[in-house]
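Heads up: the sequence lines are chains A and B, in that order. Numbering-wise, the working numbering puts 616 at position 616 of the first sequence, and it's gapless, one number per residue. Numbering-wise, the working numbering puts 6 at position 6 of the second sequence, and it's gapless, one number per residue.
Don't take every hint at face value.
[What the hints assert, rightly or not] Derived CB-CB ranges, DEER-like:
1) A:Ser55 / B:Ser39: 44 to 50 angstroms
2) B:Leu45 / A:Ala385: 28 to 34 angstroms
3) B:Leu45 / A:Leu522: 57 to 63 angstroms
4) A:His552 / B:Pro24: 32 to 38 angstroms
5) A:Val40 / B:Ser39: 37 to 43 angstroms
6) B:Leu45 / A:Leu387: 45 to 51 angstroms
7) B:Ser39 / A:Asp404: 47 to 53 angstroms
8) B:Pro24 / A:Pro540: 48 to 54 angstroms
9) B:Leu45 / A:Ala406: 51 to 57 angstroms
10) B:Pro24 / A:Thr100: 22 to 28 angstroms
11) B:Leu45 / A:Ala59: 52 to 58 angstroms
[Stated by the list, open to error] Here are a few chain A residues that face chain B, going by a calculated C-beta distance under 10 angstroms:
12) Trp12
13) Asp56
14) Arg128
15) Asn147
16) Trp148
17) Gly149
18) Gln150
19) Phe239
20) Met240
21) His242
22) Gly255
23) Val314
24) Gly318
25) Trp474
26) Arg599
No lab work stands behind these hints, which were simulated from the structure alone. Built from N, CA and C at the ideal position, the CB exists for glycine as well.
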Amino acid sequence: MTGIFEVDGFTWREIIILVLFAILFAWIASSFWIAVFGAVARFTRTNLLPLKPPSDSSAARTAILIPVYNEDVGRVFSGLRAIWESAGPDFDFYILSDSTNPANWVAEELEWQKLKLALGENARIYYRHRARNIGRKAGNIQDFCENWGQLYDYMVILDADSLMTGETLKTLVGLMDANPRAALIQAPAQLVGRHSLFSRIQQFASSVYGPIHGAGLAFLQGADGNYYGHNAIIRVHAFMQHCGLPKLPGKPPFGGEIMSHDFVEAAFLRRAGWEVWMTTDLGGSFEEPPPTLLDHLIRDRRWCQGNLQHLRIVFAQGLTLPSRLHLAMGIMSYVASPLWLMLLVVSAIDMILYVPPEAASYIGLEPSLAHSVSYAAQLVVLVLATLALLYVPKFLAVIAVLEDPARTRAHGGTGGLLKGLFWESLYSTLMAPIVMLQHSWYVLSILMGMATGWNAQTRSDRTLPWDLVIRKFWPHTLVGLVATIILWRYAGGGFNWFVPLLAGMLLSIPLVVFSSSPLMGLWARKDGIFVVPSETRGLPVLDRAHALAGAHQELPRDARQLVLEDRAVRDLHLALLSGTPQPDQDARLGVLRAQAAQRETAGFSREDWTLLLSDSEGLRSLP
Amino acid sequence: MDSQSRQFESPLESHPIAAPLPCPRAMQPQTITVATPFSILGTLLMALLTVPRMLVMVPVLNRRRRA
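Okay, chain A solo, but in the shape it has when bound (with noise of 0.2 angstroms):
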């Protein structure tokens, strides 16, 4: 490219092209290697996992934590129930509560007496709501090490869509008693579960692609591992000696509370001298994708200015080199959509303002590219360099699936394998300007301090409205309909190189909707696209969850209300709030004891209810 941009000497728009395509041919670069070692790593049955072999027998004990916050309580508690059946009763499991929703509080309450009564005493299921959402879902997981991390040795946390199976669970704890330097040991965990044809899409990409990634991070890190939040077994003395995290200095979005404490924690771990690993082939480790486009974005909003927040610490002293590349990887995942939609940008003005030299030679009568012949196969060899960076690793990925008979049929065999590599291509080729651009404005107003209004992030297979989506990405299309207007009139020959940009953005709305449907997606399930092994062989813990899901009932009434009314709701609400904190005597509180005692509630807010759930001397005085 320098060489092509050379010729005629460099001009301002040329430089910047050169520097962001360097930066981000380097990225795509390192997925490449990446998926590249993982395949040498899979055809050369590489131990991935270099530790002693787990013990056979264990007298840890283990706590798995599930933090919810304001969850379907139905699933929650399946997804519990369906890992307790798997594992035994070996484990003690914590419904770690912040939900600030008094309604879910309430249902949570019940739903957990309910577990307990079916499971009996020999199930060890206990139940904490925390009043106050201190720190998030760091705080939540500190609150239970301050409280009862001393009574365990490790500790596995869950998400409240994660299933992970019992063999897997005592798996990793064998692994960490036979492994002493062992801190933390990473389950990936593989999409499962879904019905959209966007979760499945992501399930098969998940299936497919995953473990190929997977191998080549695991070869390349080896104890330099990273932790994701969830689906991971912790030394918990480790974790409580070296995880409490700080506030940085300053204002969010760059200070206060380290908002995606997952990469930091790990990394203080490697700090200290601490192993952290992470498995590949064990199996047994599972969650749910995003139902839509829309809510994997809304959940992005987050994990972007966690990330970017680590800007402030990637540079600290005392970490690891791994972990700071961990670090840096996780920045960059968000930073090069701004830096793509520069590369797009200046490229598109370079070739609008291009004027060719006038010896310049041509093939036929017209140029097929904006620059003089010679040069068109150096462009063709990089733009062919690009293309087999982002998709060579999905071609090693297929072959590896292909060079295990029952991996092949459990992704609907050779054909159904190669249908959805070309399917998943295509529309991961028309969302990307999408997320492009989402992800660009998520950077940019991060960066200047705004909100940016997408909240609310749901997990139920639902197709999204239309109205919902042409409000939500309006501007995408806006933007590529712009942007077509401008390169069609001015770019010449070169717009044909936008078309794939282009389509996505203008098509940004229909493929939202249609992609949210799960319709759609049984639509490819029954033409064997994008089928997965979680389908076709089963998946025991999964099927239990599901079906657990579908027998639930919901309750009869308001949860809240069920609290005034029925007394034995009351006398279990309040018993969990035993020992709590009474609030302020105030003013409102004392109107709120009067209207409650009345049942004259209609009129109360999120706020009154949580409040006078919280009065466990007014509840007692209720009649």
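Given chain A, work out where chain B should sit, using these hints.
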């Protein structure tokens, strides 16, 4: 420490145990010397100055080793 959870004290036959008796121990926040823009620029500047010098010195070092 923000713990507002304790084992409740109702009779066992009426409610299951919410959580074991706590065994409190505080986690101390770790120290971290965060980077400032000046320190980042300083680090990058030192790297820009140091790496070329190291590259220039490699042949000299190799000659010394062979000697």
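Going through the hints against the structure:
Separation of Ser55 of chain A from Ser39 of chain B is about 45 angstroms and conforms to the stated range, judged on CB atoms against 44 to 50 angstroms. Checking the proposed 28 to 34 angstroms range against Leu45 of chain B and Ala385 of chain A shows it holds: the Cβ atoms sit about 32 angstroms from each other. In this structure the supplied range 57 to 63 angstroms holds for Leu45 of chain B paired with Leu522 of chain A, their Cβ-Cβ distance being about 58 angstroms. A C-beta distance of roughly 35 angstroms is found between His552 of chain A and Pro24 of chain B, which places it inside the suggested range of 32 to 38 angstroms.
Separated by about 39 angstroms at the C-beta atoms, Val40 of chain A and Ser39 of chain B satisfy the suggested range of 37 to 43 angstroms. Between Leu45 of chain B and Leu387 of chain A the beta carbons are some 37 angstroms apart, a value that contradicts the proposed interval 45 to 51 angstroms. For Ser39 of chain B and Asp404 of chain A, the Cβ-Cβ distance of about 50 angstroms falls inside the hinted range of 47 to 53 angstroms, so the restraint holds. Between Pro24 of chain B and Pro540 of chain A the beta carbons are some 39 angstroms apart, a value that contradicts the proposed interval 48 to 54 angstroms.
Taking the beta carbon of each, Leu45 of chain B and Ala406 of chain A are about 56 angstroms apart, inside 51 to 57 angstroms as hinted. Taking 22 to 28 angstroms as the suggested C-beta distance range, the pair Pro24 of chain B and Thr100 of chain A conforms, at roughly 25 angstroms. Range check, Leu45 of chain B to Ala59 of chain A: about 55 angstroms between beta-carbon atoms, so the 52 to 58 angstroms window is met. A cut of 10 angstroms between beta carbons decides the hint on Trp12 of chain A: the least distance to chain B is about 22 angstroms, and the hint is violated.
Restraint check, Asp56 of chain A versus chain B: the minimum CB separation of about 27 angstroms is more than 10 angstroms; hint violated. For Arg128 of chain A, the shortest C-beta to C-beta distance to chain B is roughly 4 angstroms, which falls under 10 angstroms, so the interface hint holds. Interface hint status for Asn147 of chain A: upheld, as the beta-carbon distance to the closest one in chain B is roughly 4 angstroms, under 10 angstroms. Below 10 angstroms, beta-carbon pairs count as interface contacts, and Trp148 of chain A has one with chain B at about 6 angstroms; its hint therefore holds.
A least Cβ separation of about 7 angstroms between Gly149 of chain A and chain B falls short of the 10 angstroms threshold, and the interface hint therefore holds. Interface hint at Gln150 of chain A: satisfied, since its Cβ lies 4 angstroms from the closest Cβ of chain B, which is below the 10 angstroms cut-off. For the restraint placing Phe239 of chain A at the interface with chain B, the shortest Cβ-Cβ distance is roughly 8 angstroms, inside the 10 angstroms limit, so the hint holds. Among the interface hints, the one on Met240 of chain A holds; its C-beta lies about 5 angstroms from the nearest C-beta in chain B, closer than the 10 angstroms criterion.
Because the beta carbon of His242 of chain A sits about 7 angstroms from the nearest beta carbon in chain B, less than 10 angstroms, this interface hint is met. The interface hint given for Gly255 of chain A holds, since its Cβ lies 9 angstroms from the closest Cβ of chain B, which is under the 10 angstroms cut-off. A least Cβ separation of about 7 angstroms between Val314 of chain A and chain B falls short of the 10 angstroms threshold, and the interface hint therefore holds. Interface restraint check for Gly318 of chain A: the shortest CB-CB distance to chain B comes to about 8 angstroms, inside 10 angstroms, so the restraint holds.
With 10 angstroms as the threshold, the beta carbon of Trp474 of chain A stays out of range of chain B, its nearest partner Cβ sitting at about 37 angstroms, so the hint is violated. Given hint, Arg599 of chain A at the interface with chain B, is violated; its Cβ is 25 angstroms from that chain's nearest Cβ, farther than 10 angstroms.
The structure shown violates the earlier hints numbered 6, 8, 12, 13, 25 and 26.
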